[in-house]
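Read off the chains here:
Number of protein chains: 6
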Amino acid sequence: MRLAHLLRPRTVVSAHCDLPCGVYDPAQARIEAESIKAVCEKYQASDDAAFRTRALIIKEQRAELVKHHLWVLWTDYFKTPHFEKYPDLHTLFNEATKLAGASGAKGSADPGVADLLLAKIEQISKIFWETKQN
Amino acid sequence: MRLAHLLRPRTVVSAHCDLPCGVYDPAQARIEAESIKAVCEKYQASDDAAFRTRALIIKEQRAELVKHHLWVLWTDYFKTPHFEKYPDLHTLFNEATKLAGASGAKGSADPGVADLLLAKIEQISKIFWETKQN
Amino acid sequence: MRLAHLLRPRTVVSAHCDLPCGVYDPAQARIEAESIKAVCEKYQASDDAAFRTRALIIKEQRAELVKHHLWVLWTDYFKTPHFEKYPDLHTLFNEATKLAGASGAKGSADPGVADLLLAKIEQISKIFWETKQN
Amino acid sequence: MRLAHLLRPRTVVSAHCDLPCGVYDPAQARIEAESIKAVCEKYQASDDAAFRTRALIIKEQRAELVKHHLWVLWTDYFKTPHFEKYPDLHTLFNEATKLAGASGAKGSADPGVADLLLAKIEQISKIFWETKQN
Amino acid sequence: MRLAHLLRPRTVVSAHCDLPCGVYDPAQARIEAESIKAVCEKYQASDDAAFRTRALIIKEQRAELVKHHLWVLWTDYFKTPHFEKYPDLHTLFNEATKLAGASGAKGSADPGVADLLLAKIEQISKIFWETKQN
Amino acid sequence: MRLAHLLRPRTVVSAHCDLPCGVYDPAQARIEAESIKAVCEKYQASDDAAFRTRALIIKEQRAELVKHHLWVLWTDYFKTPHFEKYPDLHTLFNEATKLAGASGAKGSADPGVADLLLAKIEQISKIFWETKQN
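Chains as they are written, first to last, in this note's numbering: chain C, 14 to 147; chain D, 14 to 147; chain G, 14 to 147; chain V, 14 to 147; chain U, 14 to 147; chain Y, 14 to 147.
Chain C on its own, in the form it takes in the complex:
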């Protein structure tokens, strides 16, 4: 583990339930997407039919969680001023959730597709943390 990780502030948090509690963090979507990428890699490396079936079952669940976490950010965290400041934000979320679905991580076991999803989540994460600074 690198020092930067050890030093990241533990108490910086940010609304992910619908009270709303005010705690949101794109890390939730990212961790599930990392899981998808790892599942894809293990799928590609295996020729055991039962293992591959299990990988598809789990990838389906993880991808659903990615979609859910992203939808929550899009609906619950981001407000009108954010969408005005970042005019591509709607499209970005729509593309990211599509990339987690049938035309992306659900429909493919290619780690490269998971990488595309991770890159979209990173774009969203970057904007998210910019809005948290203000």
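No lab work stands behind these hints, which were simulated from the structure alone. All residues carry an ideal CB built from backbone N, CA and C; glycine is no exception. Any given hint could be a false lead.
[Stated by the list, open to error] Pair ranges (Cβ atoms, derived): (1) D:Tyr99 x U:Ala132: 45 to 53 Å; (2) C:Ala62 x Y:Lys92: 39 to 47 Å; (3) G:Glu77 x C:Asp123: 28 to 36 Å; (4) V:Ser116 x C:Pro94: 53 to 61 Å.
[Claimed, not checked] Pairs of lysine-lysine residues, derived as DSBU-like cross-links and limited to a Cα-Cα distance of at most 35 Å, are as follows: (5) Y:Lys92 x D:Lys145; (6) G:Lys139 x V:Lys145; (7) V:Lys92 x U:Lys98; (8) C:Lys139 x D:Lys139; (9) D:Lys145 x C:Lys145.
Got chain C sorted already, so can you dock chains D, G, V, U and Y onto it with the hints?
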């Protein structure tokens, strides 16, 4: 946002599904526990009966997620050598999950109880990241 | 609603799972929203504390289902050409899902708020059925 | 289906949660069953092993939803007078839910089996709407 | 309950998933119903508003599980010959699931209502074990 | 199993929700594990690809339920004095839940693995009922 946060490595990941994918991260439990703390604070600050009921409904769900994420770490990530190296690890997880349950965050709307839960998760997180370095 | 819509054959169906199966129907969101409205009306008509708590528990679940069904339509059914033809579609979905959340049907037990949500869903439904005719 | 049914106002609604809210609609079961039929057709048209596995995963979930929606109608909407007026109603629901399970849509990827399920749901729907007219 | 039942070997099991696996046991519904009764008793013994709200949240979940376990038995375990031999079986299940719903254990915090539910489950259980002996 | 256990009155119950209600029963984990064993046997006896895929889907769900029921016992039922009296209890639960996961019943379709899981659950069950006698 502080620099340390910006600099934390995005690609350091760590198994949270049962393929297993090999991606685990105590941040999943911590984010839910932060949510619980924020819910407790809003609960204490409100005297609206319907709002308080909603806070309890949501807190119950978040606390269940904390328990789930911790159980997954305890069963799926940590192995015999870890338990030998950290003899208190079983007790630590048992106490942390109890602190998320009826005798802790589920049974109380005191932000201080959420703080105790967060502190336990931080202890687990510290051990987790130590084991990732080896 | 136009007559053509009223008379559309019941067997014409349209994708709501992520195979994708190709079966989508805004009626799924509408039925849950109607449920929310009915729950709000019963909540307002009752002064029994336990009944009101149960109403809030159920309203929370129904509102979550509304959000989910709308998110699925937004991500899985609607494609780039739709968003080009209906430039307000992103905003419409974002507002509709917000109206199902903390700032709308989850946060309020006012049947009028449920009516606002139903009106948004009707707007989405109208566009949905227009796109199905082409 | 009778014209009166086709023309019934969309805002007439009728209990599908356990408050009860009083909003029930067999369309919920029907939409999921249409999804199953579409999944079966795509399954039969594909020879891609991963796609077929995903189709089975999704079909399993959709069929569970069909069962759930039908069970809710049977337990929560229909009352003793209905069962007296329609003596075959118990059997109809039992057969319909069996047709969604292992001996039907779960156990088979034949679109013809999905058609049998849809026909049973249509029979239930017909009775449901008759009871709503009184 | 007969002695033969009490002494039946623990390894004799009987289908509760939809493969079907062939393992069914009314104990699943009974345990949840016992939980409901205990929740009702604790609800009645408490005058703490937050505790009572939590009791209602949990009772709602447990009652849903009772309904689910009973529905599975009714649809998946019992076959046409059983319904012919026990003509009241449909009604028994319909009444039992209603007793777990809004007009029963969900809608009431009276331990006596939970007792009525438990008695219905016991009637079902008795028939279930009779059919297993043949 | 001792006679006293076999003869224990059915109405003696013991907490499996987080009120807590005080009703716990290792039978919940055991029934799901029996289901897993039956699924494995049917999987081994079949050479139908779709059936085997369905068996893996269902086994994954059942194994998750085994883990959940065991985790609840470990966190919610067992207290410090139990862990002091049975020093191997932590390890027993950790091994049992691992046996339900990727390195056990999830990762294998061998009925022998399910037997190992059932044996662990029986060990836990024995201790559980001993603690209930005091």
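Evaluation of the provided hints:
1. D:Tyr99 x U:Ala132: 45 to 53 Å: 50 Å, holds
2. C:Ala62 x Y:Lys92: 39 to 47 Å: 45 Å, holds
3. G:Glu77 x C:Asp123: 28 to 36 Å: 32 Å, holds
4. V:Ser116 x C:Pro94: 53 to 61 Å: Holds, since Ser116 of chain V and Pro94 of chain C (Cβ atoms, about 56 Å apart) stay within the stated range.
5. Y:Lys92 x D:Lys145: 30 Å, holds
6. G:Lys139 x V:Lys145: Holds - the C-alpha atoms of Lys145 of chain V and Lys139 of chain G are around 26 Å apart, at most 35 Å.
7. V:Lys92 x U:Lys98: 24 Å, holds
8. C:Lys139 x D:Lys139: 26 Å, holds
9. D:Lys145 x C:Lys145: Holds, because 30 Å separates the two Cα atoms, which is no more than 35 Å.
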